[in-house]
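Protein sequence lines correspond, in order, to chains A and B. What the first sequence shows, in the numbering used here, is residues 1 to 316, in sequence order. What the second sequence shows, in the numbering used here, is residues 1 to 316, in sequence order.
Where hints are given, some of them may not hold.
Said to hold, decoys possible - Using 20 Å as the maximum straight-line C-alpha spacing, the simulated SDA-like pairs for lysine to any residue come out as follows:
| id | chain 1 | residue 1 | chain 2 | residue 2 |
| --- | --- | --- | --- | --- |
| 1 | A | K283 | B | H156 |
| 2 | A | K283 | B | I77 |
| 3 | A | K310 | B | N149 |
| 4 | B | K307 | A | N149 |
| 5 | A | K270 | B | K285 |
| 6 | A | K283 | B | K46 |
| 7 | B | K285 | A | D157 |
| 8 | B | K270 | A | K270 |
| 9 | A | K91 | B | N278 |
| 10 | B | K283 | A | D157 |
In case anyone wonders, no lab produced these hints; they're calculated from the structure.
There are 2 protein chains.
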Amino acid sequence: MKKQLAVGVDIGGTNSVFGFVDREGKILARGRISTALHDSAEELVKVLCKEIRKLQQELGEESELVGVGIGAPNGNIRSGCIEFAPNLKWKGIVPVANYFETDLGCPATLTNDAKAAALGEMLFGGAKGLNDFLFITLGTGLGSGIVVNGELVYGHDGLAGEMGHAILIQNGRLCGCGRNGCVETYCSASGIRRTYLEKSCLAPDAKIDSKFIYEKALSGDRDAMDSFTLTGEWLGQALANSVTYTSPSDIFLFGGLAQAGELIFTPTRKSFEENLLNIYRNKIKIRPSHLAENEAPILGAASLAWKKVKHTNQYE
Amino acid sequence: MKKQLAVGVDIGGTNSVFGFVDREGKILARGRISTALHDSAEELVKVLCKEIRKLQQELGEESELVGVGIGAPNGNIRSGCIEFAPNLKWKGIVPVANYFETDLGCPATLTNDAKAAALGEMLFGGAKGLNDFLFITLGTGLGSGIVVNGELVYGHDGLAGEMGHAILIQNGRLCGCGRNGCVETYCSASGIRRTYLEKSCLAPDAKIDSKFIYEKALSGDRDAMDSFTLTGEWLGQALANSVTYTSPSDIFLFGGLAQAGELIFTPTRKSFEENLLNIYRNKIKIRPSHLAENEAPILGAASLAWKKVKHTNQYE
Numbered sequence: 001m002k003k004q005l006a007v008g009v010d011i012g013g014t015n016s017v018f019g020f021v022d023r024e025g026k027i028l029a030r031g032r033i034s035t036a037l038h039d040s041a042e043e044l045v046k047v048l049c050k051e052i053r054k055l056q057q058e059l060g061e062e063s064e065l066v067g068v069g070i071g072a073p074n075g076n077i078r079s080g081c082i083e084f085a086p087n088l089k090w091k092g093i094v095p096v097a098n099y100f101e102t103d104l105g106c107p108a109t110l111t112n113d114a115k116a117a118a119l120g121e122m123l124f125g126g127a128k129g130l131n132d133f134l135f136i137t138l139g140t141g142l143g144s145g146i147v148v149n150g151e152l153v154y155g156h157d158g159l160a161g162e163m164g165h166a167i168l169i170q171n172g173r174l175c176g177c178g179r180n181g182c183v184e185t186y187c188s189a190s191g192i193r194r195t196y197l198e199k200s201c202l203a204p205d206a207k208i209d210s211k212f213i214y215e216k217a218l219s220g221d222r223d224a225m226d227s228f229t230l231t232g233e234w235l236g237q238a239l240a241n242s243v244t245y246t247s248p249s250d251i252f253l254f255g256g257l258a259q260a261g262e263l264i265f266t267p268t269r270k271s272f273e274e275n276l277l278n279i280y281r282n283k284i285k286i287r288p289s290h291l292a293e294n295e296a297p298i299l300g301a302a303s304l305a306w307k308k309v310k311h312t313n314q315y316e
Numbered sequence: 001m002k003k004q005l006a007v008g009v010d011i012g013g014t015n016s017v018f019g020f021v022d023r024e025g026k027i028l029a030r031g032r033i034s035t036a037l038h039d040s041a042e043e044l045v046k047v048l049c050k051e052i053r054k055l056q057q058e059l060g061e062e063s064e065l066v067g068v069g070i071g072a073p074n075g076n077i078r079s080g081c082i083e084f085a086p087n088l089k090w091k092g093i094v095p096v097a098n099y100f101e102t103d104l105g106c107p108a109t110l111t112n113d114a115k116a117a118a119l120g121e122m123l124f125g126g127a128k129g130l131n132d133f134l135f136i137t138l139g140t141g142l143g144s145g146i147v148v149n150g151e152l153v154y155g156h157d158g159l160a161g162e163m164g165h166a167i168l169i170q171n172g173r174l175c176g177c178g179r180n181g182c183v184e185t186y187c188s189a190s191g192i193r194r195t196y197l198e199k200s201c202l203a204p205d206a207k208i209d210s211k212f213i214y215e216k217a218l219s220g221d222r223d224a225m226d227s228f229t230l231t232g233e234w235l236g237q238a239l240a241n242s243v244t245y246t247s248p249s250d251i252f253l254f255g256g257l258a259q260a261g262e263l264i265f266t267p268t269r270k271s272f273e274e275n276l277l278n279i280y281r282n283k284i285k286i287r288p289s290h291l292a293e294n295e296a297p298i299l300g301a302a303s304l305a306w307k308k309v310k311h312t313n314q315y316e
């Protein structure tokens, strides 16, 4: 009997990564190509599929593709399209899932990267067996995957889970979306950068990133330490608000900023409890994601395919 | 064959109402008793069940109870208990669903009043066939029922859907929950009362209610009209935030304040669109509930029982 494998593909602004993932969430082989080198999505998918087939041959043992999952910015599960992604070369609405299905001859499922990672946490990470949780990625922005009754929340249009764009502070910081005070202008890698620049009176174009601030904080720099504390306070407030909607049992933090460990978790948990409505206090856990930073994009994407298989089997 | 009927019971701080509801959402008979006259929940339920049996006899034709649904403040579907309801006489955690089951000998389901009404809207009102919507009650506070993938969101502890206690304005108005700036301190009958008192410089204990403000606004009073506009602006902001979590197709407004019609809907819709993240614009409808104000508590509660029956039949 052939070994069943899913393919996970993560399309990023600079690079795209892909890999073969077995039913237990082990990545058996992986590869990477440049996204930016390809002018159209159709061309990118063609090259990706060629590489995927090559990798499948290299794997040696005979395998059967159960499906391909794709995580991508502005990926919409309902349409299978990448819709108006600001950081990708091609514009408009592109039927990427369809391109993969045609080329690889197996089912393809596409959603955005944060939702895919949330699913990865549920199938292969710390959220196994949980029915209601939040998954938050603290990258350049703040992405979120919301799980309710054991299912990802996609919303009527596939675009649920944008809590990075809930307003945290009225008339607050200008956001990339054109509005003011969005959660992600405070709680993200770029948010903590803005906070640190304000604190340390550096020029807005200073060449520093959140890793620099992390190292500064470790070395005892007051502005850097304060920036983590403030970011945690804001994040705790934002999460306390989010709990009033779906009352999750656990909140997982993922991404560069979550790697800062207690520097970010301690002030976040403290502020979270202080800002919670009483009925939610002392029972919701804020935890680091169990997914490795370099595996999550492939695992998350592959879990889209595995989820589909398991759903289908359920009704066989 | 006996006619199948569900019983809907709504336990309020002053009165409790109950009625028999058929599969199509028609109330065939109804009654009311005082809640406040009874010192314990057990006694209240005993009297309610007696009245329900009496009413069943009066109905004439032979009927079979498929179940009883109960809407109550702080009702928790997971435990079947009313938990620490501030406006009821008895304290602590009371197993009300259990009392009904024992007395009436049919399945009992309990949840809070806003969630019950949301279910009523889905089974018998304007949300038939909708999979993702919000139901908002604008009463003394702001209650909410969130529907995702065709199911009410209860959360890990049964306490989801408290968006009235998301923070709208940092360090804003003091809320009954002890925190500041909760949505319901601005967007509710008591919220518009506070707004009107501030605008008109009346004393905080002035004997006016939202109905008074409504009539003032109709007669052209500037402060009253401004109060509706401001309330709508805040509500539009709050709803724009809420959309980022579950991306509903429709938002239903219910309750006294929603009865004010265009006085509240026009500024709410305007502010909502202005404050939405671009991907959600021009596609989410804010609509009045289709449930009659005096029928919703019974219909909502009865729909808990009908929902259960339909779920069970599905897997027969």
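Here is how each hint holds up against the structure:
no., hint, result
1, A:K283 with B:H156, "holds, 10 Å"
2, A:K283 with B:I77, "holds, 18 Å"
3, A:K310 with B:N149, "holds, 18 Å"
4, B:K307 with A:N149, "holds, 16 Å"
5, A:K270 with B:K285, "violated, 38 Å"
6, A:K283 with B:K46, "violated, 34 Å"
7, B:K285 with A:D157, "holds, 13 Å"
8, B:K270 with A:K270, "violated, 37 Å"
9, A:K91 with B:N278, "holds, 16 Å"
10, B:K283 with A:D157, "holds, 9 Å"
In this structure, the earlier hints numbered 5, 6 and 8 are contradicted, and the remaining ones agree with it.
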